[in-house]
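Asker: Here are the chains, one letter per residue:
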Amino acid sequence: DGGITQSPKYLFRKEGQNVTLSCEQNLNHDAMYWYRQDPGQGLRLIYYSQIVNDFQKGDIAEGYSVSREKKESFPLTVTSAQKNPTAFYLCASSSLTGTLHIDTIYFGEGSWLTVV
Amino acid sequence: SQQGEEDPQALSIQEGENATMNCSYKTSINNLQWYRQNSGRGLVHLILIRSNEREKHSGRLRVTLDTSKKSSSLLITASRAADTASYFCAYILTGGGNKLTFGTGTQLKVEL
Numbered sequence: 001d002g003g004i005t006q007s008p009k010y011l012f013r014k015e016g017q018n019v020t021l022s023c024e025q026n027l028n029h030d031a032m033y034w035y036r037q038d039p040g041q042g043l044r045l046i047y048y049s050q051i052v053n054d055f056q057k058g059d060i061a062e063g064y065s066v067s068r069e070k071k072e073s074f075p076l077t078v079t080s081a082q083k084n085p086t087a088f089y090l091c092a093s094s095s096l097t098g099t100l101h102i103d104t105i106y107f108g109e110g111s112w113l114t115v116v
Numbered sequence: 001s002q003q004g005e006e007d008p009q010a011l012s013i014q015e016g017e018n019a020t021m022n023c024s025y026k027t028s029i030n031n032l033q034w035y036r037q038n039s040g041r042g043l044v045h046l047i048l049i050r051s052n053e054r055e056k057h058s059g060r061l062r063v064t065l066d067t068s069k070k071s072s073s074l075l076i077t078a079s080r081a082a083d084t085a086s087y088f089c090a091y092i093l094t095g096g097g098n099k100l101t102f103g104t105g106t107q108l109k110v111e112l
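Protein sequences appear in the order of chains Z and G. Each residue of the first sequence is one higher than the one before, starting from 1 at the first, in my numbering. Each residue of the second sequence is one higher than the one before, starting from 1 at the first, in my numbering.
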């Protein structure tokens with residue numbers, strides 16, 4: 001099956017701990033994204049990457065870190081510096097057109113992170 | 001904030017009726033996409049319309065784009081209970097690289 005796999009689906013974090021959310025895609029997409037969604041709200045961009053070993057901050061990058069060591073993988077670490085991390089996290093990927101614009105974005109099923 | 005606005009925020013209709021959702025944005029865009037999200041799930045791509053297109057159809061979906069008004073609309077015809085979901089517009093700002101910005105979403109409820 002081709003697609004985007006996020007894990008874990010549910011994660012509980014104690015205050016002061018770092019946690020890492022996994023995102024893997026087998027669509028051969030160049031671009032990958034992490035979004036945060038709070039209940040009843042839209043999506044806000046945390047980080048995105050268009051090429052291996054390169055990534056850019058989105059609108060709410062503070063308290064988060066990412067890496068892109070492989071084309072297929074874009075893990076997100078929620079650090080203890082993120083003061084309000086409880087949210088739904090969505091990973092996405094997209095191919096790039098000839099003009100290097102993104103095309104359709106495909107999403108994973110999301111990961112719920114709760115701070116306890 | 002560059003986040004787009006969608007209206008209405010919530011819409012409740014009867015099965016068989018049409019549902020129209022609107023999306024407005026603030027600056028010029030390369031393309032605009034519409035997505036659907038069932039509660040607690042990932043987003044599913046519905047349709048993409050490019051900045052040089054004015055209207056696009058896909059099954060029961062019709063999307064329009066008016067770049068002069070910086071707005072887009074999504075029309076779902078002959079709605080079904082299974083269409084109940086949240087709908088989001090998303091767009092890339094011209095010169096914004098590949099940063100996809102999402103609107104605030106419309107929660108659609110289709111009742112039997």
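For the record, the hints were derived by calculation from the structure and aren't laboratory data. Hints may contain errors.
For the chain Z half of the interface with chain G, some residues (derived, Cβ under 7 Å), not all of them [what the hints assert, rightly or not]:
| no. | residue |
| --- | --- |
| 1 | P39 |
| 2 | Q50 |
| 3 | I51 |
| 4 | F55 |
| 5 | L90 |
| 6 | T104 |
| 7 | E109 |
| 8 | G110 |
Every beta carbon over 12 Å from chain Z, so not counted as near; a handful from chain G, in silico [stated by the list, open to error]:
| no. | residue |
| --- | --- |
| 9 | G42 |
| 10 | D66 |
| 11 | L75 |
We treat Cβ as the ideally placed atom computed from N, Cα and C, and that holds for glycine.
Asker: The structure should be examined with respect to each hint, and the outcome stated for every one.
Answerer: The hints, checked one at a time:
no.	hint	result
1	P39	10 Å, violated
2	Q50	6 Å, holds
3	I51	11 Å, violated
4	F55	12 Å, violated
5	L90	6 Å, holds
6	T104	5 Å, holds
7	E109	5 Å, holds
8	G110	5 Å, holds
9	G42	4 Å, violated
10	D66	21 Å, holds
11	L75	20 Å, holds
When each numbered hint is compared with the structure, violations occur for hints 1, 3, 4 and 9.
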